[in-house]
Amino acid sequence: MAQFMSLGDAVAALVRDGDTVAVEGFTHLIPHAAAHEVIRQGRRDLTLVRMTPDIVYDQMIGMGCAAKLVFSWGGNPGVGSLHRFRDAVQNGWPRPLAIEEHAHAAMANAYAAGAAGLPFAMFRGYLGVDLPAVNPNIRRVTCPFTGEALAAVPALRPDVAIVHALKADRAGNVLIEGILGVQKEVVLAASRALVTVEEIVDDLGPRSPNAVVLPGWTIAAIALVPGGAHPSYAHGYYRRDNAFYLGWDDIARDRASFTAWMKTNVLEAGPDAFAAHRRRLAVAA
Amino acid sequence: MAQFMSLGDAVAALVRDGDTVAVEGFTHLIPHAAAHEVIRQGRRDLTLVRMTPDIVYDQMIGMGCAAKLVFSWGGNPGVGSLHRFRDAVQNGWPRPLAIEEHAHAAMANAYAAGAAGLPFAMFRGYLGVDLPAVNPNIRRVTCPFTGEALAAVPALRPDVAIVHALKADRAGNVLIEGILGVQKEVVLAASRALVTVEEIVDDLGPRSPNAVVLPGWTIAAIALVPGGAHPSYAHGYYRRDNAFYLGWDDIARDRASFTAWMKTNVLEAGPDAFAAHRRRLAVAA
Amino acid sequence: MTSADTTLAYTATEMMTVVSARALTSADVCFVGIGLPSAACNLARLTHAPDITLIYESGTIATRPSVLPLSIGDGELCDTALTTVSVPEMFRYWLQGGRITVGFLPGAQIDRFANLNTTVIGPYDRPITRLPGSGGAPEIMTHCGEIFVTMPQSRRSFVDKLDFVTTFGHGQGGDHRARLGIRTKGPTRLITDLCVFEPDPETKEMTVTSIHPGIDRDQIRDATGWPVRFAERVAETAPPTDVELETLRDLHARTRRAHAADT
Amino acid sequence: MTSADTTLAYTATEMMTVVSARALTSADVCFVGIGLPSAACNLARLTHAPDITLIYESGTIATRPSVLPLSIGDGELCDTALTTVSVPEMFRYWLQGGRITVGFLPGAQIDRFANLNTTVIGPYDRPITRLPGSGGAPEIMTHCGEIFVTMPQSRRSFVDKLDFVTTFGHGQGGDHRARLGIRTKGPTRLITDLCVFEPDPETKEMTVTSIHPGIDRDQIRDATGWPVRFAERVAETAPPTDVELETLRDLHARTRRAHAADT
Numbered sequence: 008m009a010q011f012m013s014l015g016d017a018v019a020a021l022v023r024d025g026d027t028v029a030v031e032g033f034t035h036l037i038p039h040a041a042a043h044e045v046i047r048q049g050r051r052d053l054t055l056v057r058m059t060p061d062i063v064y065d066q067m068i069g070m071g072c073a074a075k076l077v078f079s080w081g082g083n084p085g086v087g088s089l090h091r092f093r094d095a096v097q098n099g100w101p102r103p104l105a106i107e108e109h110a111h112a113a114m115a116n117a118y119a120a121g122a123a124g125l126p127f128a129m130f131r132g133y134l135g136v137d138l139p140a141v142n143p144n145i146r147r148v149t150c151p152f153t154g155e156a157l158a159a160v161p162a163l164r165p166d167v168a169i170v171h172a173l174k175a176d177r178a179g180n181v182l183i184e185g186i187l188g189v190q191k192e193v194v195l196a197a198s199r200a201l202v203t204v205e206e207i208v209d210d211l212g213p214r215s216p217n218a219v220v221l222p223g224w225t226i227a228a229i230a231l232v233p234g235g236a237h238p239s240y241a242h243g244y245y246r247r248d249n250a251f252y253l254g255w256d257d258i259a260r261d262r263a264s265f266t267a268w269m270k271t272n273v274l275e276a277g278p279d280a281f282a283a284h285r286r287r288l289a290v291a292a
Numbered sequence: 008m009a010q011f012m013s014l015g016d017a018v019a020a021l022v023r024d025g026d027t028v029a030v031e032g033f034t035h036l037i038p039h040a041a042a043h044e045v046i047r048q049g050r051r052d053l054t055l056v057r058m059t060p061d062i063v064y065d066q067m068i069g070m071g072c073a074a075k076l077v078f079s080w081g082g083n084p085g086v087g088s089l090h091r092f093r094d095a096v097q098n099g100w101p102r103p104l105a106i107e108e109h110a111h112a113a114m115a116n117a118y119a120a121g122a123a124g125l126p127f128a129m130f131r132g133y134l135g136v137d138l139p140a141v142n143p144n145i146r147r148v149t150c151p152f153t154g155e156a157l158a159a160v161p162a163l164r165p166d167v168a169i170v171h172a173l174k175a176d177r178a179g180n181v182l183i184e185g186i187l188g189v190q191k192e193v194v195l196a197a198s199r200a201l202v203t204v205e206e207i208v209d210d211l212g213p214r215s216p217n218a219v220v221l222p223g224w225t226i227a228a229i230a231l232v233p234g235g236a237h238p239s240y241a242h243g244y245y246r247r248d249n250a251f252y253l254g255w256d257d258i259a260r261d262r263a264s265f266t267a268w269m270k271t272n273v274l275e276a277g278p279d280a281f282a283a284h285r286r287r288l289a290v291a292a
Numbered sequence: 002m003t004s005a006d007t008t009l010a011y012t013a014t015e016m017m018t019v020v021s022a023r024a025l026t027s028a029d030v031c032f033v034g035i036g037l038p039s040a041a042c043n044l045a046r047l048t049h050a051p052d053i054t055l056i057y058e059s060g061t062i063a064t065r066p067s068v069l070p071l072s073i074g075d076g077e078l079c080d081t082a083l084t085t086v087s088v089p090e091m092f093r094y095w096l097q098g099g100r101i102t103v104g105f106l107p108g109a110q111i112d113r114f115a116n117l118n119t120t121v122i123g124p125y126d127r128p129i130t131r132l133p134g135s136g137g138a139p140e141i142m143t144h145c146g147e148i149f150v151t152m153p154q155s156r157r158s159f160v161d162k163l164d165f166v167t168t169f170g171h172g173q174g175g176d177h178r179a180r181l182g183i184r185t186k187g188p189t190r191l192i193t194d195l196c197v198f199e200p201d202p203e204t205k206e207m208t209v210t211s212i213h214p215g216i217d218r219d220q221i222r223d224a225t226g227w228p229v230r231f232a233e234r235v236a237e238t239a240p241p242t243d244v245e246l247e248t249l250r251d252l253h254a255r256t257r258r259a260h261a262a263d264t
Numbered sequence: 002m003t004s005a006d007t008t009l010a011y012t013a014t015e016m017m018t019v020v021s022a023r024a025l026t027s028a029d030v031c032f033v034g035i036g037l038p039s040a041a042c043n044l045a046r047l048t049h050a051p052d053i054t055l056i057y058e059s060g061t062i063a064t065r066p067s068v069l070p071l072s073i074g075d076g077e078l079c080d081t082a083l084t085t086v087s088v089p090e091m092f093r094y095w096l097q098g099g100r101i102t103v104g105f106l107p108g109a110q111i112d113r114f115a116n117l118n119t120t121v122i123g124p125y126d127r128p129i130t131r132l133p134g135s136g137g138a139p140e141i142m143t144h145c146g147e148i149f150v151t152m153p154q155s156r157r158s159f160v161d162k163l164d165f166v167t168t169f170g171h172g173q174g175g176d177h178r179a180r181l182g183i184r185t186k187g188p189t190r191l192i193t194d195l196c197v198f199e200p201d202p203e204t205k206e207m208t209v210t211s212i213h214p215g216i217d218r219d220q221i222r223d224a225t226g227w228p229v230r231f232a233e234r235v236a237e238t239a240p241p242t243d244v245e246l247e248t249l250r251d252l253h254a255r256t257r258r259a260h261a262a263d264t
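Chains as they are written, first to last, in the numbering used here: chain A, 8 to 292; chain B, 8 to 292; chain C, 2 to 264; chain D, 2 to 264.
Just so you know, not all the hints are guaranteed correct.
A few chain D residues facing chain A, derived, Cβ under 10 Å [stated by the list, open to error]:
#1 G36
#2 G60
#3 R127
#4 T130
#5 R131
#6 V160
#7 H260
Label-pair restraints from in silico Cβ distances [claimed, not checked]:
#8 B:L274 <-> A:T153: 38 to 44 Å
#9 D:G182 <-> B:A280: 47 to 53 Å
#10 A:G49 <-> D:G182: 35 to 41 Å
#11 B:G277 <-> C:T81: 46 to 52 Å
Read the hints as simulated data drawn from the structure, not as lab findings.
All C-beta atoms in this analysis are idealised placements derived from N, C-alpha and C, irrespective of residue type, glycine included.
Using the sequences and the hints, build the whole thing.
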């Protein structure tokens, strides 16, 4: 059953050095505040899993949290490269980063397989490409009816899933709307799930009978962090801060400017700093 | 792109003798009116596919439409047996009925595999049971990572899917809410989909961003049939006619009473008869 | 419970329902079948287990029906649910995903290892009686943390050998489940109108552990198609309390009124 | 289009965008990438293909953004969509399910058979430049009915041999796709800032079929890392019409205003 905690307590309780951690959110609902807390608490040797390592993983990798990255697309969406990710892969700074690389279809299916309690995911893909030659976790399985060889990858079962969502009720049931990404799958696939939310309400209120709700008993901890997805966004709350994504290119390009930015905005800040983003953007909306 | 047609024209255009036809709806949204039209048009030699052949298939089987049934649970839900189904299997009346029998998990996964364009579905199941000994379409596939043997069944790709839904907009986009069953999967798995709806509206109106909507280009024909799910129900329109399900047991128990009921209520009736169910129940609600 | 809690007469079905309900707790996530299991689960919710999570295979999660559904997918279940998912998702993420603590199953036939037959009486290809078939049962039995089987007892249904194994309980007993790679407990209780069976810790043969008030061992033997084993210590089942009975009867009365109003 | 339709000067990127847009029809269901493809698809929607269905891999189906998204999952895409599905569903039911008629893909490197590299420059284990990786591209290329590749042309990116095959276009050419069991067409157009390539019907080598106004064959040869083949009949690409340009520029201006207002 979900425990309501401060973000600091939740990260301390759920995320351990060496864990496999999936911080998810497909453009929408990326839990930046929670990732910052992991950085502040100095977690090390994490295997970070994420379809689209963008700014949030550029920060975690650049701060030395990660020993390995499992991913399918690493870039700053609509802007360009991730300089910290590149620096880690190309130059081993601040530490070497092992990578396990997939395509989106593989990762999406692997999370779904994890949520479904299956040992592997099967799909039609990886035909004629070089990735299977460099990733031993891409194999083939043969259809027992047609003989077709299909792609197989291991299910993703992270130790910890970290996601942001819109709101939770007092029983810890969590509502997600808008772009869903793999939020539901990663929570159900993980051993422990940490969810940050924009607000906690008495009742989730009128909604579609088929609304995407994660029951409280699928979640380990919920932390209230208004604005906690910034510079990503929360449907119905605030919009994506596209200017921040554009600006990140300059901040992250250089080790020194990156480190200075992280010191000021992460190491010496706290989750409350995110509330400002919520307010500012809510006014503008 | 979805064509708007009368139910008679839609069935005539889409359903051919010998087709594999899946009439779906998991308790909710069962397209009884469309099934009646198939019976009236005298379609023969159909392979009928449905997770839960209940009254709707008792009627089609009893009227001799089916050569084969693919299913996972054949009964009158909450009431008891399907007498026409039994009579066909046990006594070959009105004609012999071949069966391909599965469990729900297999059928649900097989529809999803069909929707996903895969040749087969894979799941953990059928362990220690007798069904694989009598159904050659239940096989095993081995996880290439763990060596675990998992159950495999062929994807379901019916020629025709027939479902009932709440409403369509003028562009043929169809909204489903409430108990979803496999409605979306069977439409996407089939070569041709026929959807009956409670109403046609200019615009689907305010709804969840994640509402279950089938785009018009996934549907072949839409027919307006208010009340067309009776004695099943349509979320927000009318309720399940539980008394009809209870009463069906007596009607269907005897070949003569069944045949008489079908003559009066199906062969000599038309889709308009269903509108009465809608009105009656809407008033009572 | 003391005898002072029980002043009302009750039926065998009410006894079965109450015993089934008592086995549930607020911490359970329960896969509910139609009929007696549905009554038992909602009785538990309305008495000692208010926070129990009820899931029906139609996709309704954490539903709180005020009346009992006739089918597995009545509108009432969706209207009162936390959310409703598709049937493929229900079988994949929720059942196979291992998120259900307890499931209820009935059978047309059961054997001493709580394997179940709901497929056919007689040969599969030339059935004497064609039954509904598997439904969700084979995978419910595999994936739920544990299973309660509820069936009224008779020699016709409690048989020495099943005509067809629709659903694998403890198989041939012992470690048969583990040998098939199944990690859940399987049938931990068999609740009948006469008594409660539980699997022997070693052999997994279903063994009588509690006998309902007014029933004797010969009645149980007469209604069972195999030589019944009794545990070393057999309890007497506590009779339904007045609170349990009144809550259950209110639920049934509400259900009857609601269904009558629908027609 | 006659020259009278074109009175405005235009950039090479505008030319690429307009040519890409023209290849689309109202009947298309299009898997849209960010950047030029997104501009092209929305330009088509706002001009000659008003009923085109645009799908972004974030799960937004039949979206009609009034401004261009910066990312594949901006809120604008969800707000204006018919519906939004999960990413696993997008890849399973919609892309792998074969429901997309055309997809747009870019590459950091491309070869003569329109295979693409977006993974790495240099050796995989010791990269000179680490690129973003596969994303959805390998399966977009396999599952969409056909693929339009859009890339500005240069010897650095139009190479004789890819450092890494991220995405399989026509492989080694000929029937290579069919031999792998792929039933879709693969890259049917390669639209650059200089010209349009289409695959030779037999060899599948990308072959110049249309050259943009003011560009000559040597410019194309100079910007290509393999000996370029020209079709027997090479057309001159019609320049962007004023309507196309004005619609595109309005779209970009709206986008700039909206993004500025967000900050």
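Which of the listed hints are not met by the structure?
Going through the list in order, the structure violates hints 6, 10, 11 and respects the others.
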